[in-house]
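> The lines below spell out each chain.
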Amino acid sequence: MLNKIKLSIWRRLSQTGIGLFLTNSYFQVFTTRLIYDGPLKSLCVPFLNCHACPMAIFSCPIGMLQQFMALHQFPFFLLGFFLVVGALVGRATCGWLCPFGLIQDLLYKIRTPKYSIPKYLNYTKYVVLVVLVLILPYFTYQHWFSRLCPFGALLAGIPWVSWNPIDPDMEAAIIDSASIGGPFYLKMTLLALFLVWFVLAKRPFCRVICPLGAIWAVFNRISLLRLKVAPGCPECDQCSTRCPMDLNVNRDVDSENCIKCLECTACKHVHASLKF
Amino acid sequence: MNWCKIFKVLATNRRAWFVAGLLIGIALLLYGMVIADDLAQIRLEGAEL
Numbered sequence: 001m002l003n004k005i006k007l008s009i010w011r012r013l014s015q016t017g018i019g020l021f022l023t024n025s026y027f028q029v030f031t032t033r034l035i036y037d038g039p040l041k042s043l044c045v046p047f048l049n050c051h052a053c054p055m056a057i058f059s060c061p062i063g064m065l066q067q068f069m070a071l072h073q074f075p076f077f078l079l080g081f082f083l084v085v086g087a088l089v090g091r092a093t094c095g096w097l098c099p100f101g102l103i104q105d106l107l108y109k110i111r112t113p114k115y116s117i118p119k120y121l122n123y124t125k126y127v128v129l130v131v132l133v134l135i136l137p138y139f140t141y142q143h144w145f146s147r148l149c150p151f152g153a154l155l156a157g158i159p160w161v162s163w164n165p166i167d168p169d170m171e172a173a174i175i176d177s178a179s180i181g182g183p184f185y186l187k188m189t190l191l192a193l194f195l196v197w198f199v200l201a202k203r204p205f206c207r208v209i210c211p212l213g214a215i216w217a218v219f220n221r222i223s224l225l226r227l228k229v230a231p232g233c234p235e236c237d238q239c240s241t242r243c244p245m246d247l248n249v250n251r252d253v254d255s256e257n258c259i260k261c262l263e264c265t266a267c268k269h270v271h272a273s274l275k276f
Numbered sequence: 001m002n003w004c005k006i007f008k009v010l011a012t013n014r015r016a017w018f019v020a021g022l023l024i025g026i027a028l029l030l031y032g033m034v035i036a037d038d039l040a041q042i043r044l045e046g047a048e049l
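First to last, the protein sequences are chains A and B. Residue 121 in the working numbering sits at position 121 of the first sequence; the count goes up by one each step and never skips. Residue 27 in the working numbering sits at position 27 of the second sequence; the count goes up by one each step and never skips.
Rather than coming from a laboratory, the hints here were simulated on the basis of the structure. Bear in mind the structure is a predicted one, so any value in this text is a computation, not a measurement. Among the clues, some could well be false.
[As the list claims (entries may be wrong)] Which bits of chain B does chain A cover? Going by a derived footprint, with three or more residues having C-beta under 8 angstroms, they are:
(1) 10-23
(2) 28-34
(3) 37-49
[What the hints assert, rightly or not] Subject to a maximum C-alpha distance of 30 angstroms in a straight line, what follows is the list of computed BS3-like cross-link-like pairs (lysine-lysine):
(4) Lys275/A to Lys8/B
(5) Lys228/A to Lys8/B
(6) Lys114/A to Lys268/A
(7) Lys228/A to Lys5/B
(8) Lys119/A to Lys109/A
(9) Lys109/A to Lys187/A
Virtual Cβ for every residue (Gly too), placed ideally from N, Cα, C.
Please model the entire structure based on the sequences and the hints provided.
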């Protein structure tokens, strides 16, 4: 039992330490007042993290996928990245690294009446991926998902608009106050709605909206890291109660929504396996 | 040789999918880095506000 509690602490440490702080650790922005453009920006993180965040040092894979679609270029590197990470760990990055997942996990702890998300909404994320990330950017040259992304609003929109320093090159405010209009307030409204939803349901963004989760979900059943339910499981549903994605682990192991957070391994009948 | 049978075995074999995914992924990753110069494109876009 002690090991299982430790596992939970490790997960929180990894989400905050690597997912939130290490990825957004460009402290020089306070002196340069310019976004980081060094060599690390060439690399994508395997989770959602807006590269327009003032302190971001890596790029967002979904932002980049939209960029390649808008440029009508084939995303060789990104596709390879998705295949390699997906084949190795499936959706584990959602459970262990994604800072937006952490925010959802924490907000769900607020004591309010809770409700379950209907199963058919699980397929919405594939529609979001195909329409907002692939098709619309290809035909309109605009990053539609980024324009609406609530995590982008939280990580980049709010910090830049509230700080809005003077650009040292242009000698003018980085964000022109006249440009803060409808799209910005729409994004803020979406963010507010999502934050309320996070309090009421388990990880709704990951289950219903996240296009990156939709990509990793495809690999969940073939990935190296998998879950196993031992024969003789009494179906006590301890695993399902602990699951942050509200899954019936014993009935649908390694489902497309499983984020491999390993919380369900608190039950002695469920264990993780790295078997080829 | 029964190609239909071979295809069926491969399509339903988790290990085959895993190995194919990993190998194709590594090949695309290297092609994107070395030949297509995708990293420069990513860096350029990543530095945009």
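> With reference to the structure, classify each hint as holding or not holding.
Structure-based check of each hint:
no., hint, in the structure
1, 10-23, "holds (count 6)"
2, 28-34, "holds (count 6)"
3, 37-49, "holds (count 11)"
4, Lys275/A to Lys8/B, "holds (23 angstroms)"
5, Lys228/A to Lys8/B, "holds (25 angstroms)"
6, Lys114/A to Lys268/A, "holds (27 angstroms)"
7, Lys228/A to Lys5/B, "holds (29 angstroms)"
8, Lys119/A to Lys109/A, "holds (22 angstroms)"
9, Lys109/A to Lys187/A, "holds (25 angstroms)"
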